[in-house]
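Trainee: Keeping their order, the protein sequence lines are chains A and B.
All letters in the first sequence, in the order written, are residues 1 to 235 by my numbering.
All letters in the second sequence, in the order written, are residues 1 to 51 by my numbering.
Rather than coming from a laboratory, the hints here were simulated on the basis of the structure.
Don't take every hint at face value.
[Claimed, not checked] BS3-like, lysine-lysine: derived pairs with alpha carbons at most 27 Å apart:
hint	chain 1	residue 1	chain 2	residue 2
1	A	Lys227	B	Lys26
2	B	Lys26	A	Lys106
3	A	Lys12	A	Lys227
4	A	Lys74	A	Lys184
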Amino acid sequence: MAQTIQTIKQRKGILGALAAVAVAIGLYWSLAVAPPDAYQGDVQRIMYLHLPSILTAYLSYFLVFVGSAMYLWKRERRDDLLAHAAAELGVLFTALTIIEGSIWGKPTWGVWWTWDARLTLTAILLLIYTGYLMLRSLIDDENRAASAAAILGIIGFLDIPLIHMSVYWWRTLHQPPSILRPDKAPWENVHPAMLTALVISFVGFLLIYFYLLSLRYRVGEMRQEIKTLRLERGV
Amino acid sequence: MGAWGFVALAYGIVWSAIVMYWIFLKRRYRAAEAELSRLRSLEVSSDNVKK
Chain A
1 MAQTIQTIKQ RKGILGALAA VAVAIGLYWS LAVAPPDAYQ GDVQRIMYLH
51 LPSILTAYLS YFLVFVGSAM YLWKRERRDD LLAHAAAELG VLFTALTIIE
101 GSIWGKPTWG VWWTWDARLT LTAILLLIYT GYLMLRSLID DENRAASAAA
151 ILGIIGFLDI PLIHMSVYWW RTLHQPPSIL RPDKAPWENV HPAMLTALVI
201 SFVGFLLIYF YLLSLRYRVG EMRQEIKTLR LERGV
Chain B
1 MGAWGFVALA YGIVWSAIVM YWIFLKRRYR AAEAELSRLR SLEVSSDNVK
51 K
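Can you make the complete structure from the sequences, with help from the hints?
Mentor: And the structure:
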């Protein structure tokens with residue numbers, strides 16, 4: 001993983017440029033090429049943001065989970081830096097997912113928010129990782145903060161399978177998945193132009209995510225170096 | 001608000017938030033970079049004094 005991060009860091013300029021291109025193509029497909037939904041009309045275009053942003057948030061929390069577990073096991077600072085950077089981005093993408101869902105919900109369900117199982121569990125996910133970031137800033141001892149945050153980062157990840165299964169386990173207003181269905185392949189259930197818009201949009205989100213993650217990780221690394229130099233120099 | 005109004009609102013908020021976060025991150029990056037080079041130059045100058 002450390003090698004992957006190193007490669008991403010070295011090529012973040014290329015990554016940023018690729019992300020910008022993918023986002024531009026994604027916007028074009030989402031807003032101009034993909035047809036309107038037969039039932040929801042043009043409002044369904046919000047899904048080209050909603051699905052990629054929640055999948056990006058899940059990926060981010062997976063990295064928090066991996067980084068936290070590795071930190072607790074090996075006690076290497078770089079794993080904690082990765083978990084911290086990924087948690088910050090996870091919070092951003094989860095907040096965006098909730099906002100997009102709310103804007104889509106108003107014209108579709110007639111409400112901005114409802115205490116549906118999936119929505120509530122997603123809000124809990126946001127609260128857990130906001131708590132993770134707050135916890136880190138509240139504990140002065142760096143090692144204790146990293147350990148406590150790692151435990152919370154691992155426990156918080158358990159909310160994701162619950163969110164995914166919530167639409168099967170409880171009667172929810174939120175519809176079951178259209179893409180990640182166990183009984184049908186995505187292309188059997190979604191119009192090809194819609195699926196293409198979704199895939200391009202997701203690629204754009206992923207590229208932006210890794211670009212931002214490489215920047216955020218480097219900020220963490222530099223802060224660590226600053227702390228060490230200040231201690232050495234007594235500045 | 002019509003359908004396209006909701007779409008514009010969602011896309012506007014999402015991309016503005018991402019761009020704002022990027023700008024915020026770039027500032028933090030530059031600030032950390034400047035502080036690091038300042039501390040490194042202090043290190044070099046104090047080493048020169050020792051010599």
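Trainee: So, against the hints stated earlier in the document, which numbers end up violated here?
Mentor: 2 and 4
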